[in-house]
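The listed protein sequences derive, respectively, from chains G and D.
Just so you know, our numbering puts the end of the first sequence at 524, numbered straight through with nothing missing.
Just so you know, our numbering puts the end of the second sequence at 486, numbered straight through with nothing missing.
In case anyone wonders, no lab produced these hints; they're calculated from the structure.
Note that beta-carbon positions come from the ideal geometry of N, C-alpha and C, so glycine has one too.
Incorrect hints may have been included.
[As the list claims (entries may be wrong)] These stretches of chain D come out as covered by chain G in the derived footprint (C-beta under 8 Å, 3 or more residues): (1) 16-25; (2) 36-42; (3) 62-74; (4) 116-124; (5) 147-154; (6) 427-435.
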Amino acid sequence: MSELTLKDVERIAHLARLQLTDEEKAAYLGQLTAVLDYAAVLNELDLEGVPPSPHAVAQQNIMRDDVIEPSLPIEDTLHNAPQQADNQFLIQSVLDE
Amino acid sequence: MTEYEPVIGLEIHAELMTNSKMFCGCKVVDSVEAEPNTAVCPVCLGMPGMLPVINRKAIEYAMRVALALNCTIQHHNIFARKNYFYPDLPKAYQITQYELPLGRQGWLDIDLESGESKRIRIRRVHMEEDTGKLTHLDGGGSLVDYNRSGVPLLEIVSEPDIRSGEEARAYAMKIRQILRYLGVNAGDLEKGVFRVEPNISLRPVGSGEFGNRTELKNLNSFKSLADGTAFEIARQTAVLNSGGQVIQETRGWHDTKRITFSQRVKEEAEDYRYFAEPDLPPLYIDDAWIERVRADLPELPEAKIGRYQAEYGLSAYDAGVLAEEKEVAGWFETAVAAGGAPKSLANWISNNLFQLMNESKQAITDIKVKPEMLAELVGMVKKQTINNNTAAAVLAEMFVSGETASSIVAAKGLAQISDEAALVDIIEQVLDANPDSVAAYLGGKEKLRGWFVGQVMKATRGKANPGLVNKLLVEALEEQE
Chain G
428 MSELTLKDVE RIAHLARLQL TDEEKAAYLG QLTAVLDYAA VLNELDLEGV PPSPHAVAQQ
488 NIMRDDVIEP SLPIEDTLHN APQQADNQFL IQSVLDE
Chain D
6 MTEYEPVIGL EIHAELMTNS KMFCGCKVVD SVEAEPNTAV CPVCLGMPGM LPVINRKAIE
66 YAMRVALALN CTIQHHNIFA RKNYFYPDLP KAYQITQYEL PLGRQGWLDI DLESGESKRI
126 RIRRVHMEED TGKLTHLDGG GSLVDYNRSG VPLLEIVSEP DIRSGEEARA YAMKIRQILR
186 YLGVNAGDLE KGVFRVEPNI SLRPVGSGEF GNRTELKNLN SFKSLADGTA FEIARQTAVL
246 NSGGQVIQET RGWHDTKRIT FSQRVKEEAE DYRYFAEPDL PPLYIDDAWI ERVRADLPEL
306 PEAKIGRYQA EYGLSAYDAG VLAEEKEVAG WFETAVAAGG APKSLANWIS NNLFQLMNES
366 KQAITDIKVK PEMLAELVGM VKKQTINNNT AAAVLAEMFV SGETASSIVA AKGLAQISDE
426 AALVDIIEQV LDANPDSVAA YLGGKEKLRG WFVGQVMKAT RGKANPGLVN KLLVEALEEQ
486 E
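One chain only, chain G, in its complex shape (with noise of 0.2 Å):
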């Protein structure tokens, strides 16, 4: 694996909204490249003809019904909301970046 570099971590803090300092990215380039380490053990393993595990746990078909239940009452909705405008949550104008 290629070595994460801080072009990289601006990347992804880019990509979560984040704003972060010179300090914090050098900071963060050592915490994800330690990450990555540990990860990076897997590797080692011969993993031909094994399928691909998404999941951790062994269960599958978990469905319900399709049966109505109760919404929120509106109040309960809008209850956390900065601002609010005809029951609907009121935000600053979107732009498409």
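Chain G is fixed; fit chain D onto it per the hints.
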């Protein structure tokens, strides 16, 4: 000048008509008419710690579509998180399928205007959830309604096999027709429950490479789809012919100006950081489940059209008209089962009944005339109890009152006069009253025969058996000579 070939693929998003949402028990409501934020709960509001649970019905609906579109159903299904920030997506990720879609490698044959048929390959059919709805305010700010958040959404992606706006329209209309037949989608483009987004690019004819593509949005009708696609093809052709480059971007369709405009330039590949949704265990669809769903599939339009021609002797056109909508087809079939002659029924439905429905803006499911009632009417015409003209008037009355044909005919004394003696009497009266016309007829103006028939029909208030009148009239006129 280089000749270019359009290369078009369609992405279709269709909301599934389940009772409840994809991952929670909130009701699926009409997102245009329902009061905002009344069908939401912690799951579809993206509250921390809430767990999604798959709606079995939504999976079955998706399987129906995948099977109807000739897809291979994936046994192992994994849901994935597609991560991005937008206020209509409260979790900041959409649960979707990525590497392992539910259906793959399907196809659909579409009919072109030339009469030929063309196969469009379908790359994938997968399950996901819809987002909330934003309303932008004039003075700034936006309102968010999460009623639509978490509604089961099916994505159907075609291969880039489409070559024109007309083909795009034919393909999308056929997909919609199939979804409606399957009872999984209402097909309303205006309300956004069925959304079509073409990807359009051009390449020199004969080239195997793809050019830069634009993605077209805001298409709220099939006409907009055809026109918008045609506009994009013309615009890109002009750009390339003038030595320019097509920019990879999302473009909107302006419905009143009938043009496309740049919405968002994709400078870099979007990075959604897909990964397996840890909150949903894998979904395994076994063969038994697939076969159960397959066995429950209704007869689809193409099969119906074939059967109507083979079994009932209808023309391809009539069969197509009747099979266009599932409700009409069902109505027609009930009328046939009630004993009506299929060809006559087809004529009466596609002419008189459709006209009455159009005039009163009613759907076939709402009208007072029931299939059995039309079958009776058609039978009365066949037995010559009433003639065609009377039958049309009777049908119009049935349409308004909901009375049966036999009761209207009895109450109004409309039964056709096929009594020869009675008709001969009436014909004699008509001839006696019009000696000049008789003389003219005998003098060679044979066209007057139709006029005499008209007079007899008038005297019987339209009830005379026209064939019989014709025959008796000729005999009577010959006697005058």
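Original post:
Among all the numbered hints in the text so far, which are the ones the structure does not match?
Top reply: 4 and 6
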